[in-house]
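These are the residues of each chain, in order.
2 protein chains.
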Amino acid sequence: MAGICKVSFLPDDKTIEVRSGITILAAAGKAGVFVNSLCGGDGVCGRCGVIVRKGTVTGGSTDFFSHEQIQQGHILACEGRIESDVIVEIPEHTRLSGTPEFIEADVHQPPEVRKLAHRQMALAPLVRKTYVELPEPTLDDNQSDLQRLEHGLKDQFKTQGFQMGLKVTRRLPDLLRQNDWKVTAMTGHRGPLTEIIDVEPGKTSRRNMCIAADVGTTTVVCHLVDLCDGQTLGKAGKYNSQIRYGGDIIRRIIHASESGSHDELRKSIVGDLNDLILQLVTKHRLSTKDISLVSVAGNTTMVHLLAGLPVANIRKEPYIGVAYDLPPFRAAETGLQIHPRGLLYCLPCVAGFVGADTVAGILASGMMRDDNVRMLIDIGTNGEIVVGNKDFLVCASASAGPAFEGGECSCGMRASSGAIDHIRLLDADTVLSFSTINSGDPVGICGTGYIDAIAEMLRVGVIDKTGRISAEASPARIRTSSDGQLEYLLTEPEGNGDNPDVTITQEDINNIMRAKGAIFAAESVLLHALNMTFDDVAEVMVAGAFGNFLNVDNSVFIGLLPDVPSEKLRFVGNTSLAGAKMAALSADCYEEIFRIAANTTYFELSTEPTFMYQFVSACFFPHTNLDLFPSVMAALAKKSE
Amino acid sequence: MAGICKVSFLPDDKTIEVRSGITILAAAGKAGVFVNSLCGGDGVCGRCGVIVRKGTVTGGSTDFFSHEQIQQGHILACEGRIESDVIVEIPEHTRLSGTPEFIEADVHQPPEVRKLAHRQMALAPLVRKTYVELPEPTLDDNQSDLQRLEHGLKDQFKTQGFQMGLKVTRRLPDLLRQNDWKVTAMTGHRGPLTEIIDVEPGKTSRRNMCIAADVGTTTVVCHLVDLCDGQTLGKAGKYNSQIRYGGDIIRRIIHASESGSHDELRKSIVGDLNDLILQLVTKHRLSTKDISLVSVAGNTTMVHLLAGLPVANIRKEPYIGVAYDLPPFRAAETGLQIHPRGLLYCLPCVAGFVGADTVAGILASGMMRDDNVRMLIDIGTNGEIVVGNKDFLVCASASAGPAFEGGECSCGMRASSGAIDHIRLLDADTVLSFSTINSGDPVGICGTGYIDAIAEMLRVGVIDKTGRISAEASPARIRTSSDGQLEYLLTEPEGNGDNPDVTITQEDINNIMRAKGAIFAAESVLLHALNMTFDDVAEVMVAGAFGNFLNVDNSVFIGLLPDVPSEKLRFVGNTSLAGAKMAALSADCYEEIFRIAANTTYFELSTEPTFMYQFVSACFFPHTNLDLFPSVMAALAKKSE
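Taken in sequence, the protein lines are chains A and B.
What the first sequence shows, in the working numbering, is residues 3 to 643, in sequence order.
What the second sequence shows, in the working numbering, is residues 3 to 643, in sequence order.
These aren't lab readings, by the way, just hints derived from the structure by calculation.
One or more hints might be untrue.
Using 20 Å as the maximum straight-line C-alpha spacing, the simulated EDC-like pairs for lysine to aspartate or glutamate come out as follows [unchecked claim]: (1) B:K318 - A:D142; (2) B:K318 - A:E138; (3) A:K318 - B:D143; (4) B:K169 - A:D265; (5) B:K169 - A:E335; (6) A:K318 - B:D142; (7) A:K169 - B:E335; (8) B:K169 - A:E266; (9) A:K318 - B:D182; (10) A:K318 - B:D176; (11) B:K318 - A:D143; (12) A:K318 - B:E138; (13) A:K169 - B:D265.
Beyond 10 Å from chain B on every Cβ pair, some chain A residues (computed) [claimed, not checked]: (14) K16; (15) K285; (16) S289; (17) R317; (18) V324; (19) N391; (20) V462; (21) A473; (22) T482; (23) S483; (24) P495; (25) N498; (26) P632; (27) S633; (28) A636.
Don't be surprised by glycine CBs; every beta carbon is placed ideally from N, CA and C.
All chains, full assembly: derive it from the sequences and hints.
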């Protein structure tokens, strides 16, 4: 018979009661304690190691721990089953530290958003608050209460008509009379119609905020924006709590498709957004009621999960989502805690793997209005590529895998405390300099760190153009790992303090190569299909939160980014969030983004015969065709002189 | 301490437990037993007489019963307070017999509706069901499920866009795949947009019905209409159960405005509609799920109560309703039991006392498209008058009171079994013939009966042109009533079997004169304001369920209807219901009715200085200005020869 066990998690000191026999990972999920997991609980990624300080836990495998560690209580949270009251410690590297580092630097905000913020674009937010003083009815002016209100609003709106829900209509007569016919109408853009969402007593038109959100597979970022002047009041971000169900989209979809689990993922992402919203309103001394709308960009799966739409078919060929153009909904219908009648605007997607984040990126970049052809590259768990101008827009999605977000590499980690984010080598034996996030002791490597490290290893001859580690390049730093492959030591050979060594294995290099190869191949296939080369591209825009922190030279050096003149390469930051913000601030932008989605042609790489050829060609540092990388060729030539 | 008493009602044999001290009327309301009441429980109309067969009831006044009756247990239900277990009999005349007699004769259906039914007008119902067979998605045709469905529907709709609620969207992928991509979309007209209300497996497009309803103060009538071919499948009607709260609009509003009572009236009318819907679907072997929409016309107060909107301000100067143009709502939101996602379309009103019934009447009459000026007179508890053509529409509401619906007259009753509906007098002493509804024993007089009786009394000299009863006209039939006024006996002087005598008192005649005077004055004021006379009016249309049964000559004779050539006078039946049906069957008609409401000018009689003069002039049989009634003048002249 299953008993009830008390589980306490350290260091958060959260306690929960569970039925005996469930895994520590499941218990942590119930307790709201985050445990790192890339594989979603399959026992294969080894990221969810925890330490059982007290009590009985059974069933852990021995693959990821030393005998000593096992004796100390180390176990995979996804495998250890709770059999008694236990105390479990989540060690630093298994925790998700609260806040991702790369929220967004304003410096890279696209000019359109900056213009908008400075009101050079017409500010016409999706939800408006309009104060009206209405004339009292008389026998000669006997419009209904609703007609009177609409009449008072009419001049300020371009709309085919107003609509009002029954609940608000029922409250209208008392509201008008008790407030001397002076009220504030909260109105929402609904295509050709305008909904009078709510009517508030007196003048509340100055309190009208929105949340613009970018819901990524790995991180969720929210900006608090004042809809009255377009100013961004605050920013907050956190890791997507769905990480406990797996690091990548596919694992999430598999989990969601299991009977009864879909709602878990929905609640998880809604919970994250609510956390961030609460954080922001608390900090800015607002009430959730002051938030009139949420404008969300994100990949197709995240938008689906937020809206509670089934995701199973996105993962199966031909990769079909339920709906790419969603109308605005009452945010409360999804569980979001803002104004009880506030609206959720989900931006449109293009295909199962080209989401609203990409479309928002196009909007924010302004490329759909440009005469010149530009390319937008968004590097995240997937890499999305868009090429186009005012006449055409073509996009593709390359499954890069989570390598650039710290996944699938032996020491890979997200961009949180202790992650090596930049490194320079003097030679194969000597690290010249490195930095870690928050200057913590180095405990792993994040995406930008891998790009730097591999470029440097290539530059100093630790690896060759095929990515193969030369065993003899550095006796001090190159060694054979426990599973028999070569690895290169980034931390000091004499040890890394209390932490394990940080290394890059041959398999890690191969992973990064495949990831960058997929993205570069996608760029090549798209251009090839358009009968273009990079010479025809006026600008290459690199989006994605981590773009801002990339070392450009190194990114080009390993062949992740094309070898174009530096003035043609621009980091544009989190364009997904910027687009979500533009849509919230301007109904015109919101309408435009649906036209963008409709006019963007999706290019399915899996059916494109040249993709595999381009991918194989790109699985080389920087590329098998060195003519594509003249500056790298020159640098390598110079070095070998 | 209040005990619990068991109350049994005969003849329905319904039993309920109540706290001691509550009135029989209140207990009957709780038990769902209908008790006639015009005054709404104020103890003044004397209509709610019941007989206590067993048990103790206290508090009845003696005003309305003889000593013998009181000994037998007669008491007003609104006054008698239950003090023990009781058995209460509701006598015939206090019951509401189930079905009003004047539901609608098809013969008088306006030609537009008949045309529509024969598909001479484009059939484009507000809710449509469209069967589609969609192509399966492929890598080359990778629209989202929703895009695919919309694409399949697109060609068949003129719309600015489709919208679908989250709940249906969530079910969409399984629905499509489990039904081999063959589904039926149920779509609702929402102005410029089309809502995909629901998606059903396979082909259900042939099962798409609607309820067109006319919600009157006294009667509620529903037609079951097949939206696929416009055919009316069935009709049902009943008395408005709100009658228990009072016979006229004002009493209902007063009751609704009492704290907590508003929802009682809403539930009451929703209950009546649900009863009729269930009756119709059961009879026609349908399910409520087959009813896709309800299209409702009714006076402003009834539409408000149905939608749950507060009505208090309609009764207070300047008589302002909450909303006259309501968008479509989910019918379930009001409690109506049709398809769970079916829509309720409330037709628009013009003012607090000119409702959707009048606007629907204009639509059904087609007068807004006519070159010629026509007049529409709707005689109910209120009388609404519309004058106009394709260039203008002007309307007014005359508070006729419930006299024509059997209220406020001593023997007045609704048009149910035993009501005298037609009568002819040979002379002052002799009734030549009369008829009663359902040929029952005469127990009272309904509206058409009063018109006949008064016209005949005028013709044979029982009353003069001022309406005064001549005491000496008939010693056998004219007598002094218990309260000292003269009354004229319609039933035989030697007695009326087991029933009380049926009489018309001086006060009854005055009531009818005021009612007809108010309506005629409204007609006159409107024409006068337009600088017109009846000669300028091409046709006078008399609407209202009872219109069909009116004796035209008598109506003109007493001055209720104008003295125009008979070919200019037309009974058009229940145009309110006809308009509701037209709107349901044709989105164009639905859009047109909102334009009609917007273009109809409301004329407030209470602020019109000439109204009182016209009213006083019309309080005469037929009128003080006999020139207005040449045919009556001729008839009277002929008689006096």
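Comparing the hints with the structure gives:
For the hint pairing B:K318 with A:D142, the CA-to-CA distance comes to about 14 Å; that is within 20 Å, so the pair holds. Proposed proximity of B:K318 and A:E138 is supported: the alpha carbons are some 14 Å apart, at most 20 Å. Among the hinted pairs, A:K318 with B:D143 is consistent with the structure: their alpha-carbon atoms are about 14 Å apart, no more than 20 Å. Taken as a hint, the B:K169 and A:D265 pair is honoured in the structure, with Cα atoms around 14 Å apart against an allowance of 20 Å.
For the suggested pair B:K169 and A:E335, the alpha carbons sit about 10 Å apart, so the restraint of at most 20 Å is met. Our distance criterion of 20 Å between C-alpha atoms is met by A:K318 and B:D142, whose separation comes to about 14 Å. Proximity of A:K169 to B:E335 is assessed by CA-CA distance (about 10 Å); at most 20 Å being required, the pair is judged to hold. Between B:K169 and A:E266 the alpha-carbon distance is near 17 Å, which keeps this suggested pair within the 20 Å criterion.
Of the supplied pair hints, the one linking A:K318 and B:D182 holds, its CA atoms being roughly 17 Å apart against a limit of 20 Å. Straight-line distance between C-alpha atoms of A:K318 and B:D176 comes to about 14 Å, which keeps the hinted pair within the 20 Å bound. In summary, the hint linking B:K318 to A:D143 is supported, as the alpha carbons are separated by about 14 Å, within the 20 Å threshold. With a CA separation close to 14 Å, the supplied pair A:K318 and B:E138 stays within the 20 Å bound.
A threshold of 20 Å between alpha carbons decides the hint, and for A:K169 with B:D265 the separation of about 14 Å falls inside it, so the pair holds. In this structure A:K16 is separated from chain B by more than 10 Å, as the shortest Cβ-Cβ distance comes to about 32 Å. Consistency note on A:K285: stated as away from chain B, and its beta-carbon is indeed over 10 Å from all of that chain's, at 31 Å minimum. No Cβ of chain B approaches the Cβ of A:S289 within 10 Å, the least distance being about 26 Å, so the stated non-interface status holds.
For A:R317, the non-interface assignment is confirmed: its Cβ lies about 12 Å from the closest Cβ of chain B, beyond the 10 Å cut-off. Consistency note on A:V324: stated as away from chain B, yet its beta-carbon is not over 10 Å from all of that chain's, at 5 Å minimum. Chain B leaves A:N391 outside its interface by the beta-carbon criterion, the shortest separation being 24 Å against a cut-off of 10 Å. Once the 10 Å rule is applied to beta carbons, A:V462 is consistent with being away from chain B; the minimum gap is 44 Å.
The beta carbon of A:A473 sits about 44 Å from the closest Cβ of chain B, which is more than 10 Å, so the claim that it is off the interface holds. For A:T482, the requirement that its beta carbon stay farther than 10 Å from each beta carbon of chain B is met, with the minimum near 44 Å. Remark: the non-interface label on A:S483 is consistent with the geometry, its nearest Cβ contact in chain B lying 40 Å away (cut-off 10 Å). With 10 Å as the threshold on Cβ separation, the claim that A:P495 sits away from chain B holds: the shortest Cβ distance comes to roughly 51 Å.
No Cβ of chain B approaches the Cβ of A:N498 within 10 Å, the least distance being about 48 Å, so the stated non-interface status holds. For A:P632, the condition that its CB be more than 10 Å from all CB atoms of chain B holds, with the nearest at approximately 36 Å. At roughly 37 Å from the closest C-beta of chain B, the C-beta of A:S633 stays outside 10 Å, upholding its exclusion from the interface. The beta carbon of A:A636 sits about 41 Å from the closest Cβ of chain B, which is more than 10 Å, so the claim that it is off the interface holds.
Taken one by one, the earlier hints fail for this structure only at number 18.
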